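Between the sequences and the hints, there should be enough to build the whole structure, so can you do that?
Residue numbers (my numbering), protein chains in the order written: chain G, 1 to 347; chain X, 1001 to 1136.
Quick caveat, the hints were computed from the structure, so don't treat them as lab data.
The reader is advised that the hints may include incorrect statements.
Claimed, not checked - Straight-line alpha carbon distances no greater than 25 Å define the calculated PhoX-like cross-link-like pairs of lysine-lysine that follow:
(1) G:Lys230 x X:Lys1117
(2) X:Lys1006 x G:Lys52
(3) X:Lys1006 x X:Lys1049
(4) X:Lys1036 x G:Lys79
(5) G:Lys230 x X:Lys1105
(6) X:Lys1127 x X:Lys1067
(7) X:Lys1006 x G:Lys271
(8) G:Lys230 x X:Lys1048
(9) X:Lys1006 x G:Lys230
(10) G:Lys55 x X:Lys1006
(11) X:Lys1043 x X:Lys1028
(12) X:Lys1032 x G:Lys230
(13) G:Lys230 x X:Lys1054
Just so we're clear, the structure is a prediction, and the values are computed from it rather than from any experiment.
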Amino acid sequence: MGALFSLGVVIALVLVALVGVKGAHLQPLFGVVIPYLAVITFFIGLIYRVVKWGKTPVPFHIPTTCGQQKSLPWIKYSKLESPATGKEVFFRMALEVLFFRSLFRNLKMQRSGERVVYGSAKWLWLGGILFHYSFFIVLIRHLRLFTNPVPSFVHLIESFDGFLQIGLPKLMMTGVILLAAVTYLFLRRIYIPSVRYISLPADYFPLFLIMAIATTGILMRYFIRVDVVKVKELTMGLARLSPTVPDGIGTIFYIHIFLVSTLFAYFPFSKLVHLGGVFLSPTRNLANNSRMVRHVNPWNYPVKVHTYEEYEEEFREKMVSVGIPVEKPLETKEPEEATEEESEGKE
Amino acid sequence: MYDGGKIITGIIIFLLFATFPFYYNIGKAHVKPDPKLDTPVIKQLKEKKCVESKAYMRANHMQLLDKWRNQALREANRTYRNEEGKLFEISLQNTCMRCHSNKQKFCDECHNYAEVKPYCWDCHFVKEAKEGGAAK
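Below you can see the structure in the form of C-alpha cells.
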C-alpha cells in the first residue's frame, strides 16, 4: 500500500507539471519560481536540521566499536574500529561516508542444517554505493548547464562517463547505473518480506521520485530531445540570478525540473537528510576515549552533594566521642587531653 | 550548540561546494550562442531550409548524423529521404558542410556553449572556408 500511495504521488507530480506547462503555459512558474523556492527550502531546511542536531545534547558516550579499545600502552588497539583520538575518528568517518563501511559488513543470518551461520550480505552495499556515486556524478555532470565557461573537470568526468561512445548523444553510464541501482533498491524493498514489512510511504516516495527524475532525464537526453542550448539559457539564468524563460523548450524538461525541485524541497524533511545526519551520528563520530576523558551528560542539573570530607567535618567531635575512626583527627591538643581524661577515668 | 565550531565549519564547507554555480559565474560575461547562417552557399539558396525542420535540427541533429553515419558507412546507403520526401546525399562533407562551411561560427558556437565536444572531427577534416569561418 505504501508503495502504491508513493507511486500515485509521483504520478500526480508528473501530471501537475504536464498540465501546468502544456495546458496552462506556466513555464515561468515551473522553470524559475518553483526551482528557486525549492533550492531555498533545501538550504535553509538542511542548515536548520543540522543546527538542531548540533543543539541536541548527547547524554551518554556511545560510540559503537568492534575492536580493541585503547588502554595500556603495550596492548595494541584498533585505531579504526575503536578510535581514541579525533584524527582516528576522522579516518573512521571518512571510510563510513565515502565507502559505507558499516554497510559493507552487513551480515545475513542463515540456517545451515542445525547450525546458525552468518553469511556476508553485500548486495545492499553494492546497490547503495552504485546509487550514491552515480547520482553524485550525474549531479556534477549537470554543472555543464549551470556554468559558462564550463570548468574542465566537468568535461573530464563526462568523457570518462561516456567513453563507451554508444550512440549520439553519447550514452552516459552513470545515468543507466543510477536507474538500475534505484530499481534494485526498490525491488529489494518489495521482495524481501521483512524489509517490506518495515517500509513506509516515506521509504518508497524518494525511490519513485528519483526513478522518475532519472527516467525523464534519460528520455530527454536520448529519446524526446529538447533544445539543449535553450535549456542552458534557462539554467544559466537561474545560476546567474537573472532568470529568463526561452520559448520552445519541450514539456519533458519542465517535468524533469519540477521533479528535481520536489526532491530538493523534500530533502531536508525526510530520510534523505542523512546527507548531513551521517556526520552527526554519535555512534560514529565520538572517540572511544571514555577511559581517558569523562563524558558529562550536558543536561545534568547541578546536584547538591555532601562529600565524606564535609560530613566528617560536621560530625567529627561526635564521631570521636563515640569511638568511630576518623580520617583527620580532632585538633592536635584535644586528642591528648581526651586520652588523659580517659586514663583518669579508669583510675 | 555542542561542537559548534566543527558543525559550522562543516556547514560552510558544504555551502561552498553546493553553491558553486551561483558564485562561479559572477563577473563572467554570459554570451549566448549566435550560430551564423551567412555562408555564400546559404545566401544563394532560394529556399533556406535544412534537410529537416529547424526545430528538429536544433534538438536532434546529432541523432540524425549518427543515423547517417551508420547508414552510409555500415549499410552503404547514401540516400536520405526527409519528412517531405525530398532526397539528400548522405555526406557530412558534401551535404552538411557545403552549406554550413563556417564550422567555427556555426557548429562550435553552440557546442562550446553547451560543452559538447563531438567526435566528428576525429575522422573528418574541416575544409578551408572561403568566407566567414576559418579552418580549424
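Against the structure, the hints:
{"no.": "1", "hint": "G:Lys230 x X:Lys1117", "in the structure": "holds (18 Å)"}
{"no.": "2", "hint": "X:Lys1006 x G:Lys52", "in the structure": "holds (14 Å)"}
{"no.": "3", "hint": "X:Lys1006 x X:Lys1049", "in the structure": "violated (62 Å)"}
{"no.": "4", "hint": "X:Lys1036 x G:Lys79", "in the structure": "violated (64 Å)"}
{"no.": "5", "hint": "G:Lys230 x X:Lys1105", "in the structure": "holds (18 Å)"}
{"no.": "6", "hint": "X:Lys1127 x X:Lys1067", "in the structure": "holds (23 Å)"}
{"no.": "7", "hint": "X:Lys1006 x G:Lys271", "in the structure": "holds (23 Å)"}
{"no.": "8", "hint": "G:Lys230 x X:Lys1048", "in the structure": "holds (22 Å)"}
{"no.": "9", "hint": "X:Lys1006 x G:Lys230", "in the structure": "violated (42 Å)"}
{"no.": "10", "hint": "G:Lys55 x X:Lys1006", "in the structure": "holds (13 Å)"}
{"no.": "11", "hint": "X:Lys1043 x X:Lys1028", "in the structure": "violated (34 Å)"}
{"no.": "12", "hint": "X:Lys1032 x G:Lys230", "in the structure": "holds (10 Å)"}
{"no.": "13", "hint": "G:Lys230 x X:Lys1054", "in the structure": "holds (14 Å)"}
Hints 3, 4, 9 and 11 from the earlier list are contradicted by this structure; the remaining hints agree with it.
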